[in-house]
Amino acid sequence: MARFVGRRLLYLLPVLLAVSLLTFLIASLLPGDLAYAILGDQATPEKLAALRAKMGLDLPIWQRYLHWLWDVLQGDLGRSFRTGELVLDAVLDRLPVSIELMIMAEIMGLLIGIPLAILCAVKNGSAIDRFFTGFAFANLSLPSFMVAILLIFLFAVQFNWLPATGWVPFSEDPVGNLRSFVLPALTLAFAEWPSLMRVLRSDMIATLQEDYIAMAKAKGLRPARILLVHALKPSSLTLVTITGINIGRLIGGALIVETIFALPGIGRLLVGAIYARDFIILQGVVLFVAAGFVIVNFIVDMLYGVLDPRIRHGRA
Amino acid sequence: MAVLEIDDDTALVAPVAKRRKLGGLFLCAVAWILLIGLAAVFAAFLPIASPTDMDMLGKRAPPSAAHWLGTDSLGRDMLSRLIYGARVSLTVGLLSSVIGVTVGGALGMLAGYFRGRLETFTVGGVDVLLAFPPLVFLLAVLAYLGQTVLNITLVIGVLSIPAFTRVARAVTLSLSEREFVVAARALGATHSRILLRELLPNVSLPLVAFFLLGVAVTIVVEGALSFLGLGVPPPAPSWGSMIAEGRESLDIAPWLAFLPAGTMFITVLAFNIVGDTLRALTDPRPGAL
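Residue numbers (the numbering used here), protein chains in the order written: chain A, 506 to 821; chain B, -9 to 279.
To be clear, the hints were calculated from the coordinates, so they are not data collected in a lab. The model shown is predicted, which means the values in this text are computed figures rather than measured ones. The C-beta atom is built at its ideal place from N, Cα and C for all residues, glycine as well. Relax, there's no trap hidden among the hints.
Negatives, chain B to chain A, calculated, CB over 12 Å:
hint : residue
1    : Pro37
2    : Met44
3    : Gly60
4    : Phe104
Which residues of chain A face chain B? A partial, calculated answer using Cβ under 7 Å:
hint : residue
5    : Val520
6    : Ala523
7    : Ser646
8    : Ile654
9    : Val662
10   : Gly753
11   : Ile756
12   : Val799
Model the full assembly from the supplied sequences, consistent with the hints where possible.
Spelled out as structure tokens, the structure:
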């Protein structure tokens, strides 16, 4: 196991380095440069030159990258030139909201996906199975901003059950906090459950044809016990991987959903930085999110190795 | 004898019936794509109102002879805006997927055929690009480059390269060891001949299927960008921005959001159905997802 982790770690570092380089290079796509973007209308050649010298923009690009990387490694992602806020503080401030949203969405997605997958696997080929697999397929064509509009229309406009926007801290009003998360999380869950269900369903159909399931049936075990105890665990390996792969989409979805429902998370910070053309915040958030994404995928890989020994020993 | 098993006629009839049923949905999807595509191409010649002319007296009007689908919150013709919006969606969707399928397909085939350093390098590059959450990457790059149709198309195109590279490489890898390639090599065929005449025809079908699925994803991504107000700049209509505008009057005129949402949903679904049908045809595993 230690060798397996070591080998993956050896792979993680270059990827992280490449991610940081790419994040840095994106910023150089800016027409003109950062000094020009900061000064805007007030730019004069003298002011530009002074700011460039102050920010080290006149150095060669590789030197700037190394300076920047050195700062980042020390936890200094820079400071917004609009609000003066430290980027790292801004990110850490909003991180809990995004994490709460994604965890709730994942739980809701699993709550919808797992029972439907089991149902469809048991009734494989029946009308119910075809209905829900068809529904899941159609759902894949339904982007989260459309689901959000539908849910807002139903639950906030028509029935007035849940708030469409707004957010209260958990410490102030736990119930209100959870209520404000229901619609956003449900929106994200709608994008999650079809892939979870499709994967679990096909794995489960395969598991149910194994000899030991027939054995369990012959022993006279209750169907519920066979399904939940004997069949679910061995069928859920791909589910774990797909959960990891989905995180990328979940982050993208969270970005849109946070903006629609006015949740103060990382996604809204990023979109807000784009609206305000606050490039320092933008760069910091992109690096943070991309690095976090790489690391989470690394952890999911590890989990997969723990669940399935073949991954550890089989290949490579 | 194996031949005798064919006597079991249920085994023969069942798949045929299934394929015919799939065909109806498939044809509907193709018909819808053609309809939307033709309307978008010939929008300027259709007898429809201008998509940007405002009628301040006829705001949020219900369908009438003059405005078949009514007007939006600025009194602009909805049908016309839907059709001109299709232009943006389809242009971005098709062109960026073309970039992805050509560059990604070529890279993947070369990597899968020649192996070695080229493959290591390509796979590494693909992994790094896939290490970014795509929407975050897209938004960041566009924030620096500026939001124009050209930039959006190019950046989504570049972002779709890794996925196409993976598919093309995987298919090429498995084909390269097959007899017909070995035979061609034994006959002294050049690398370019093997790649273009032997491998390309076999790689292209899975790639076309993936291309259609890519168009569906791209239309959604472009819609999300426009919805956030970071896509094609107004007043040019786009389905995403129409949904965002319609959201403001969800309580008094919900159809303003639901018309573009429905159009976009059916279009994306149509591309998914066609792509998925083609993919299922090229995938030998029965009922594979």
